[in-house]
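Protein chains: 2
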Amino acid sequence: MQMPDPNPAILSRKAAVVRRLAEALPEGAVIHAPEEVRAYECDALTAYACPPLAVVLASSTEEVSACLAVCHEEGVPVVPRGAGTSLAGGSLPTADAVVLGVARLNEVLEVSYPDRMIRVQTGITNLAVTGAVEEDGFFYAPDPSSQLACAIAGNIAMNSGGAHCLKYGVTTNNLLGVTVVLMDGTVVEIGGGHMDAPGLDLLGVICGSEGQLGVVTEATLRILPKPEGARPVLIGFDESEIAGQCVSDILKAGILPVAIEFMDHPAIIACEAFAGAGYPDCAALLIVEVEGSDAEIDAQLDRIEEIARRLDPVELRASTSAEESAAIWLGRKSAFGAMGQMGDYICLDGTIPVGELPRVLNGITELTESYGLRVANVFHAGDGNMHPLIIFDANTEGDLEKAEALGADILRLCVEVGGCLTGEHGVGVEKRDLMEVQFDPADLEAQMRVKDVFDPKWLLNPAKVFPLSVSAGRRAA
Amino acid sequence: MQMPDPNPAILSRKAAVVRRLAEALPEGAVIHAPEEVRAYECDALTAYACPPLAVVLASSTEEVSACLAVCHEEGVPVVPRGAGTSLAGGSLPTADAVVLGVARLNEVLEVSYPDRMIRVQTGITNLAVTGAVEEDGFFYAPDPSSQLACAIAGNIAMNSGGAHCLKYGVTTNNLLGVTVVLMDGTVVEIGGGHMDAPGLDLLGVICGSEGQLGVVTEATLRILPKPEGARPVLIGFDESEIAGQCVSDILKAGILPVAIEFMDHPAIIACEAFAGAGYPDCAALLIVEVEGSDAEIDAQLDRIEEIARRLDPVELRASTSAEESAAIWLGRKSAFGAMGQMGDYICLDGTIPVGELPRVLNGITELTESYGLRVANVFHAGDGNMHPLIIFDANTEGDLEKAEALGADILRLCVEVGGCLTGEHGVGVEKRDLMEVQFDPADLEAQMRVKDVFDPKWLLNPAKVFPLSVSAGRRAA
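If you read the protein sequences in the order shown, they are chains Y and D.
First residue of the first sequence? That's 907 in our numbering, and the numbers climb one at a time after it.
First residue of the second sequence? That's 907 in our numbering, and the numbers climb one at a time after it.
Keep in mind that the hints were calculated from the coordinates and are not lab data.
Note that the structure is a prediction, hence the values are computed from the model and not measured.
By construction, the Cβ of each residue, glycine as well, lies at the ideal position given by its N, Cα and C atoms.
Please note that a few of the clues may not be correct.
Said to hold, decoys possible - Some chain D residues well away from chain Y (every beta-carbon gap over 10 Å; in silico):
| hint | residue |
| --- | --- |
| 1 | C956 |
| 2 | F1180 |
| 3 | K1308 |
| 4 | D1315 |
Claimed, not checked - Chain Y is faced by these chain D residues, among others (derived, beta-carbon under 7 Å):
| hint | residue |
| --- | --- |
| 5 | L1106 |
| 6 | D1107 |
| 7 | G1110 |
| 8 | L1157 |
For reference, chain Y alone in the conformation it holds in the complex:
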């Protein structure tokens, strides 16, 4: 069905912009029929949606540059998009914006094992990067849950993490260089395959800038040798605080597992009902995975078991085979599916100092009870990256708003204990109003001034990250 655009000013504006884009780009690159642009009206934060003015699907850095140059001249905002898997609304369009997708830019350009690097176009999926090198014994470390679908472009925009980031760091720790197109169409190279570089390091500021400074079309990524093997141990406690203590004790002892995952009682019950993984009915479960050679794995698991035993666990089961490992991970890996069966949910993403886990878990319980809602906690405990899942009913009026208010209170608590608003999902539209909880006006002003330098007209993803009231003077009307 043809969807009529309600606003005549936007309609005539649209015709002019689409004409210029079509002149500058090859056939098939510009999408503007209302029923077709609908496919781009939201990302994985599906509570919000808005069809854009038009969509450009670029196939090269030159096409990205051509699109941006036109939009720059016309003063049209641009919303960059990777695979559209953002949980924070990072690629949510506005009605006056062109969505610029990079999914067609999906080639591997170069692999060098001696330099432990791979150069790719950024539309490639996260998992395809590892796919390109795993036969030769290498892998790309950051592993968001959405890695089968999400694009490296989005990983760079949001500085994505994953279960492995306790040991290997997040995207910024694995990114060596980028080709980035600025809003006026200029193509800039930053960093590269070599170690370090002279002059200012603009790579860090690009990574995690949520598409507000430029559109990254190529990236040089660090690849690492695959460890020989990995095995988990499952540890259950009858108090959350003690599980939190166990996480601290393991890290304090100088053991660096590849992942420490935490599930609280509601999450255990839901996962067990869904997947039947044989989890015990207890207050908190840890899955601690270590990697290396068999001997090395055994030695690390022995030390972890010794630490856990001192805390009187109700369950302690180290894997001795691939089958046992799969059984231990089964419940955890079905967590999001299991939660989906409990109702609608919002997945938060705050980080806290690891030592604050017990206090924050208690605080979340208290807050949740005061709202009369339910919450389940499944998260990367090793680096304090919490993902409280707030369960609500989308069909009950006011329930979404209540869940969002609870989410905001939980994130305020994370900031209060010395943590921050986001670990790996980014700010997007979801958390833009909470930025004032984390930063004072001088901090936000300093950050906006950096955007001023890269994008003086504030056309790139302008309505994201900063509270709208704070960025109002800079954005076009």
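Once you have looked at the hints, place chain D on chain Y.
Relative to the frame of chain Y, chain D by itself:
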């Protein structure tokens, strides 16, 4: 002896600035007697020296802020200084500048093992950071050769590395947060002990900015569990190209040693004459060190030996004890002392893709012969960080200039093969004129615009990093 200042305008200016600084700071913090400021006239690039207007030795973030606020109002340039060990002239003063030293800021503020972090004041030495945590089994990874003396402030300014950075990365990969004082005296917190943070990541742009954006007074650093042990293998080849091939083959096989050091024939001969470490007389030596448990070390050394044997080494000696390890490292660790006995030298610092090692080594030999000079190569081969040492005679007129010209040609070659001007020493004054080899005018303009945002008057370390002709319009006369 009282040194008369030759310039009366600077002299009266000096009196005014010193008076205001003395009012703003406690007794003993402001040094202005000509014979006392002499101690700050140069850093470890001793070929250049210039006594500053005055020196401020701050003991707190507040004092740094007070000093900067006065200089900002008076329009006086400020040259920040850590321990003064820069090989690139990063803290070389100018006659009109105040040197702002942070060496008195040397406290450990906080240690958290569960969060694997330490917070320090930045005047602390690199080695003292590890010293604060090693009894508990942790260490701070970046390890510049000057680590006994150099300050964390300088490590952050130059994004310093060291022999361990093949495995653990350079300073930027181990820095979690900073307290930085801007030129107008504003104190800003960036990053912190928690994983990631929302908003723009300004930490990367601060690290390696060579004191041009702000003065970093506190830093949160990543600490890591100490490996159980480490052992090297010494591998000798009768051709440099084959040694380069061996480095590539080890990394390609997915082995990640903690260090791969390379010495060419002139370096071997000099070190052997100096230290008598029992090195063979061959074209190139590799020292490859691996770490972990004993079993893990044995397994890695076996694989490395297997790779090396295929390339027909003239020497292959794996350490089996602490004594043997010390013997293997003895020559390498005396390299700089040994070179000092051969004559005066300049130590370069370029990085290249590891695969280009043979080509660049050949190129260095050809260039050196064409200048009629001698060069020795001792460097971190694993991450392509080369340190050619150019030997010259400071007492022969024109020899320093010839050595500098050769150095510039060698760094041009590094850029030509896809590498860069500096790995861990920074640009400083030493390489500022070579920045145009690496970057085109648009790149340099973009970098200078970032400095504009942090330091609009260009008062912080203004005569560094950028070619003077390029930054002329921005710097005060």
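Hints, verified against the model:
No beta-carbon of chain Y is positioned within 10 Å of the beta-carbon of C956 (chain D); the least distance is around 23 Å. No beta-carbon of chain Y comes within 10 Å of the beta-carbon of F1180 (chain D); the shortest separation is about 28 Å. Its beta-carbon lying about 23 Å from the closest one in chain Y, K1308 (chain D) satisfies the requirement of being farther than 10 Å from that chain. Against chain Y, the non-interface label of D1315 (chain D) holds: every CB pair exceeds 10 Å, the least being about 17 Å.
Hint status for L1106 (chain D) relative to chain Y: holds, with the closest Cβ pair at about 4 Å, below 7 Å. Because the beta carbon of D1107 (chain D) sits about 5 Å from the nearest beta carbon in chain Y, less than 7 Å, this interface hint is met. The closest approach between the C-beta of G1110 (chain D) and any C-beta of chain Y is roughly 2 Å, which is under the 7 Å cut-off, so the hint is satisfied. Using the Cβ-Cβ criterion of 7 Å, the hint placing L1157 (chain D) at the interface with chain Y is satisfied: the shortest such distance is roughly 5 Å.
In summary, the structure agrees with every hint in the numbered list given earlier.
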